[in-house]
Amino acid sequence: MNRSTLTLAALGAIALAIGPVLADAKPVSQPKPNVAFDKMKSLVGEWEGTTKDGKRVKVAYTLVADGSALMEQLETPMESTMVTMYYPDGSRLLMTHYCSAHNQPRMRADVMAPDPKSITFTFLDATNLSSRAEGHMERLVVSFDDPSHFTQEWTFKAKDQKQTDLFRFERKS
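Taken in order, the sequence shown gives residues 12 to 184; the numbers are from this note's numbering.
Check before you lean on any hint, since a few could be wrong.
Below, computed lysine to aspartate or glutamate pairings styled on DMTMM-like, alpha-carbon distance capped at 20 Å [stated by the list, open to error]:
id, residue 1, residue 2
1, LYS50, ASP157
2, LYS183, GLU145
3, LYS50, GLU90
4, LYS52, ASP136
5, LYS66, ASP126
6, LYS63, GLU181
7, LYS69, ASP100
8, LYS168, ASP126
9, LYS170, ASP136
10, LYS50, ASP156
11, LYS69, GLU181
12, LYS173, ASP77
13, LYS52, ASP126
If you are wondering where the hints come from, they were derived from the structure by calculation, not from laboratory data. Only a predicted model underlies this, so the values are computations on that prediction, with no experimental measurement involved.
Please model the entire structure based on the sequences and the hints provided.
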């Protein structure tokens, strides 16, 4: 046998050996749709808004990690820039808020309708929080008014006291 015949025979043997393995291989699964995460992704871009007492605020949303997470950067005149990461966990939507209170509350979105007009996140746990009596974000409600307007209602809890801040945003043109 010449060298080309041996090479072809070897390649044929390899193909026969791995053929059944390849036939049983399952394609890489695509993530299942997550209604809440898809709704949050509609916020990608820059927004300007006001607090309930008229102070200017800015927020920007960016998809990161190949679209598997949504990063929010919130600038308020009262505090340093805060970052919140929204990410799906199967059919659930979670978020971690990197707060100027120096803790990182994690919240879970409540179950919602197929086309939610609002998403409510409630406290799950936190890092850098030795007790739930310490000041931390406890709740967030994101309401989608229309494609160019939305609101955020943040609830901060310290001991048994709650303070709510409302931000109204308009898409920056």
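Hint by hint, here is what the structure shows:
| no. | hint | in the structure |
| --- | --- | --- |
| 1 | LYS50 / ASP157 | holds (12 Å) |
| 2 | LYS183 / GLU145 | violated (35 Å) |
| 3 | LYS50 / GLU90 | violated (27 Å) |
| 4 | LYS52 / ASP136 | violated (24 Å) |
| 5 | LYS66 / ASP126 | violated (31 Å) |
| 6 | LYS63 / GLU181 | holds (14 Å) |
| 7 | LYS69 / ASP100 | violated (28 Å) |
| 8 | LYS168 / ASP126 | violated (30 Å) |
| 9 | LYS170 / ASP136 | holds (16 Å) |
| 10 | LYS50 / ASP156 | holds (12 Å) |
| 11 | LYS69 / GLU181 | holds (10 Å) |
| 12 | LYS173 / ASP77 | violated (37 Å) |
| 13 | LYS52 / ASP126 | holds (13 Å) |
In summary, the structure is inconsistent with hints 2, 3, 4, 5, 7, 8, 12 from the numbered list given earlier, while agreeing with the others.
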